[in-house]
Every structure is written in C-alpha cells, then in structure tokens.
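**Q** From just these sequences and the hints, can you work out the full model?
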Amino acid sequence: MDETLNNKKISLRFGLNYFMLFAIYGISSPYLQLMVRRLGYSPAAVGLFLGFYELIGITGPIFLAQIADRSGKLKPFLFASTLMILAGLGLLLPFHIPLITMLSLALLSLGIKTPVPVLDTSLLRAIEFSSAQKIKTPNYGLLRAIGSGGFVVVALIAQGIPGFDSSSTGMMALALGVLACLFLISLFSMPEIGASHARKEKIAFSFKWLDSTYMLGLGVIALGRFAMAPIGSFFSMYLTEELHWHAVGAMWALSATSEIPLIILSWKFIQKKNPMLAIAISSAAIVVRLLIYAFFPSPAGAITGQILHSLCYGLFQPAALAFVNLKTPPADRTTGMALYMGVGIGLPTFLGSALGGVVVEAFGYRWLFASYTLFALASLALFWKYRARLVAVK
Numbered sequence: 055m056d057e058t059l060n061n062k063k064i065s066l067r068f069g070l071n072y073f074m075l076f077a078i079y080g081i082s083s084p085y086l087q088l089m090v091r092r093l094g095y096s097p098a099a100v101g102l103f104l105g106f107y108e109l110i111g112i113t114g115p116i117f118l119a120q121i122a123d124r125s126g127k128l129k130p131f132l133f134a135s136t137l138m139i140l141a142g143l144g145l146l147l148p149f150h151i152p153l154i155t156m157l158s159l160a161l162l163s164l165g166i167k168t169p170v171p172v173l174d175t176s177l178l179r180a181i182e183f184s185s186a187q188k189i190k191t192p193n194y195g196l197l198r199a200i201g202s203g204g205f206v207v208v209a210l211i212a213q214g215i216p217g218f219d220s221s222s223t224g225m226m227a228l229a230l231g232v233l234a235c236l237f238l239i240s241l242f243s244m245p246e247i248g249a250s251h252a253r254k255e256k257i258a259f260s261f262k263w264l265d266s267t268y269m270l271g272l273g274v275i276a277l278g279r280f281a282m283a284p285i286g287s288f289f290s291m292y293l294t295e296e297l298h299w300h301a302v303g304a305m306w307a308l309s310a311t312s313e314i315p316l317i318i319l320s321w322k323f324i325q326k327k328n329p330m331l332a333i334a335i336s337s338a339a340i341v342v343r344l345l346i347y348a349f350f351p352s353p354a355g356a357i358t359g360q361i362l363h364s365l366c367y368g369l370f371q372p373a374a375l376a377f378v379n380l381k382t383p384p385a386d387r388t389t390g391m392a393l394y395m396g397v398g399i400g401l402p403t404f405l406g407s408a409l410g411g412v413v414v415e416a417f418g419y420r421w422l423f424a425s426y427t428l429f430a431l432a433s434l435a436l437f438w439k440y441r442a443r444l445v446a447v448k
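Take 55 as the starting number for the sequence shown in the numbering used here and just add one per residue.
Quick caveat, the hints were computed from the structure, so don't treat them as lab data. Treat the hints loosely; a few may be bogus.
What the hints assert, rightly or not - Dumping the calculated PhoX-like pairs for lysine-lysine here, alpha-carbon to alpha-carbon at most 20 Å: (1) K326 <-> K448; (2) K439 <-> K327; (3) K448 <-> K322; (4) K129 <-> K63; (5) K327 <-> K448; (6) K381 <-> K327.
**A** This is how it looks when you write it as structure tokens:
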C-alpha cells in the first residue's frame, strides 16, 4: 500500500514537472517567431534565426545528454537549462544586433530543448525501477498529456490577454521568464528514481549501437519534421499577416488540446501494430494539413489544420519515443533521445525554417505550405520502400 502511495506521489511530482516545462513551450512555440519579428527583422531573417535556434538544439542537448548519461544524476542539467533560458532572455531584449540575437537564441535553445530528453529519461528510469519492484508504474502517456495541458493553459491565458500577440518582445519575454522561474521551482520536487552511478569513462561521442534500421527510421521522421517546419516557424505570422486574425494563442492551444487524447490512447495502437506505421500515418496527415493551409486560407481552414495536430504530433510523439526506446540501449537512452530530437527534429526544422523564410518572401505563405507537402510525401515514400524492415521494430 505504501509503495502504491509512493508511486502516486512520484507521478504527481513528474506531472508537475511536465506541466511547468511545457507551460514554457506555451509561450516559446507560438510567440518566439513574433518576438524575433518585433525586433525589426524580415521574414527571411526570422527563418534563419529560428533555423539557427533549431541547429543549436541539435549538438547542445546531445553533448549534455552524454554527460548526463554518465553522471547518473539528471536534475543538475535541468537546473542549468532553466538558468540558460533566463540568460538568453536577458540578452535578447536590450540588443538588436544579429550576433547578439544569435547568442540569445543559442542560450534559449539549449535551455528549452535540453530538458525534454532529460526529463523523459528520468521518467523512464522511474518506470523501469517501478516495474522491477513489481509495483504500479507511472503512465508516460498520461504524464506527457499533463505536459500538453500546461501548454494549453498558458496559450489560452496569453490569448485572453488583450493584445498580447501584438505586444512588444519585452512583454512576451517577461511571460517566458516567469514560467522558467516556476519550472525551476518545480524541479526541487522532481524525484531521482533509479538513478545510475556515475560512469568514469571519458566523455566521447560513441554511437556504436546505431544500425541502418535506426537511421532509416530517423530519416522517415526527419522528412516528416522538415514538412512540419513552416508550421512551427511561420504559422503565427501566417495568422497575423496573411489571415489578419489575432488568434495565435487560441490556435496553438487548439492544436495542443487535440494532441492530448492520442498521446494517451496511441500506445495501444503502437504496441498492437508498430511505431513506424504510426509515424507514416502522421506524415500522411501532414500532407493534408499543409494543403488545407495553402488552399483554404481562412479561420475555418486554420482551425481544421490545427485539429489535425492530433495525428501530426499526438500520434507521432509516442511512436517516435517508442521507436527510440526499442532501438537504443538503456545505458545510452538519454543520448538516443537527444539524437532523435537533434537529427530527427532539430536539423530538419533548421533547414526547413531557413528555406521557409526565403520562400515566404519570394512567393508568400500559401506557397510555403503547399511546397512543403513534398517532404511529407518523401517521408511516406521512404517508409514504403523499407517498410518490411521498419515495421519489424516493435
């Protein structure tokens, strides 16, 4: 009975951590593009800056995750990440100089992106520890859904503040800084369950566990995330500049809300079928979503596209996590997750954002969304060609 009670406390503490972490994303995801735009940069520059933001999110978390895997303790990396967010915001506001903006975005990228694989790994350790003790394990899908709830709550609050999406970079940065501080406070309650002993070997980038099937799966993921890049980097600008509709917070809250049921329920489908089939379904949904934005530029089209986020992310995220778990040795799982976030998500988002800004300035937002369906179709083609090997991972 006591073990069950303790397990409930563990879940509540992780739930608080996920809620506060993704509350930060409730400001950074919808509004970072507007924050940079309000500094006076063009759409092409915004695309390059956000691409750089994603590029830093590749190598930084991978290196930090390697250290975390060997240190055995994960909380210090989460504390450091929060301090980097605050430092990045401090540099972003007073200086409208490209090099300073890049430095600020580098700190923000490290601070915002590193906690996701680290917190996921900490939870997976707790799940494996509970399973070994034969007690009820924390529910990853439910806790990740709680994180989405944090995103939704903050996005709706921002939407409810009159003129927030038209406000200055400073106002948006203040909101982001307050949430970072709240996440920092929540970390004091985070449990270190199943923490490993420090490994004394030299830190080195060793990926001997990688095989061709892992890389093929990562390729399918990367092409799909490339197709998603214009949504992450330009959707808020599309709403305000193309549709002239100031519903940024509401639309991002809608997409996050739509993902919650599938994040909770998709595990059964993934276990019954396999992770890569779920990822292929996600890529097909991306094609439909982008075409809706391109050919139905209206509030109704935006709402429909955001609801499809349930498949584009709600189904995708658990499937990608399951694939990484199945293909990564437990001792290198933080590194495996960081590699997935960097190469599978960060690199294609960098390239997609950088290219997207040029496309917007040359052809407009509708052509941007229409043209990026090609990358989602390429993801489906790669999956289909190697489907026998990919669907065997389950």
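**Q** Is K326 close enough to K448, meaning Cα to Cα at most 20 Å?
**A** The given pair, whose Cα atoms are some 9 Å apart, holds under the 20 Å limit.
**Q** Given the hint that K129 pairs with K63, test it: the Cα-Cα distance must not exceed 20 Å.
**A** The given pair, whose Cα atoms are some 18 Å apart, holds under the 20 Å limit.
**Q** Does K327 lie within 20 Å of K439 when you go C-alpha to C-alpha?
**A** Given that 20 Å is the threshold and the Cα spacing comes to 18 Å, the pair holds.
**Q** Regarding the pair K327 and K448, is the alpha-carbon distance no greater than 20 Å?
**A** Within the cut-off at roughly 8 Å; holds.
**Q** Are the Cα atoms of K448 and K322 separated by 20 Å or less?
**A** Judged against 20 Å, a Cα distance of about 12 Å means the pair holds.
**Q** When you check the alpha-carbon spacing of K381 and K327, does it fall within 20 Å?
**A** With Cα atoms ~16 Å apart, K381 and K327 stay inside 20 Å; holds.
The structure is consistent with each of the numbered hints, conforming to all of them.
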